[in-house]
Amino acid sequence: NAGVTQTPKFRVLKTGQSMTLLCAQDMNHEYMYWYRQDPGMGLRLIHYSVGEGTTAKGEVPDGYNVSRLKKQNFLLGLESAAPSQTSVYFCASNRVGTEAFFGQGTRLTVV
Amino acid sequence: KNEVEQSPQNLTAQEGEFITINCSYSVGISALHWLQQHPGGGIVSLFMLSSGKKKHGRLIATINIQEKHSSLHITASHPRDSAVYICAVHFISSGSARQLTFGSGTQLTVLP
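Protein sequence lines, in the order shown, are assigned to chains U and P. All letters in the first sequence, in the order written, are residues 23 to 133 by this note's numbering. All letters in the second sequence, in the order written, are residues 545 to 656 by this note's numbering.
Here chain U stands alone, though its shape is the one from the complex (with noise of 0.2 Å):
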């Protein structure tokens, strides 16, 4: 099983450029969400969804969207980058009740 998958890890945009996070899980999980993680910060949600076809906004959803055609995969996308968007992306998926997995992190830097 590869758990948590994030694609791609290290990515430089420039200001107004887009671009789409994947996060792929293969353990039929039917939570999954979208967290930024800054310095000096702890892990805010951006978007999480509760099952395929749904999402829901979180604390700082701002500039990003998001979409979850199928159950094991969920999207992050930044439609026009901003230099306030340069953090460290994580996703992470779990069942109700359940611990969570989180993949390996995306840092994302907007120039």
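Just so you know, the hints here were simulated from the structure itself, not pulled from any lab data. Among the hints, a few may not be true.
[What the hints assert, rightly or not] Distance condition first, Cα-Cα at most 20 Å in a straight line; then the derived SDA-like pairs of lysine to any residue:
no., chain 1, residue 1, chain 2, residue 2
1, P, 545, P, 575
2, P, 612, P, 585
3, P, 545, U, 31
4, P, 598, U, 120
5, U, 31, P, 585
6, U, 79, P, 637
7, P, 599, U, 31
[Stated by the list, open to error] Computed far set for chain U versus chain P, every beta-carbon distance over 12 Å:
no., residue
8, 59
9, 67
10, 95
11, 100
12, 120
[Unchecked claim] Derived CB-CB ranges, DEER-like:
no., chain 1, residue 1, chain 2, residue 2, range
13, U, 31, P, 613, 24 to 30 Å
14, P, 583, U, 82, 33 to 39 Å
15, U, 24, P, 594, 27 to 33 Å
16, U, 118, P, 604, 25 to 31 Å
For each residue, glycine too, the CB sits at the ideal point set by N, CA and C.
Could you slot chain P onto chain U? The hints should help.
Structure of chain P alone, referenced to chain U:
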């Protein structure tokens, strides 16, 4: 407001020392997680608990629901334990989505 606080922010210990990291939270929770993040960034779940105590190897996690407090202990610490330890909770108010709220982490360095 739903908040999670960890202490200390940074901790340096000598190999072999007993280590305690603390986590307190503001309102009722359904579960608390302890996570470990190594240099290089990957995050691994160590424990999930809603009451009492759990032990895995040299790691022990305890929670006191009434006092809204949890501790992570490491016995006989080793340099390979050096990492960031993160407390995260499911607040009851987060409802069915069971979103996690994270503390800012404790950077542990164990010196040989």
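Output the numbers, in ascending order, of every earlier hint that fails for this structure.
2, 3, 7, 8, 9, 12, 13, 14
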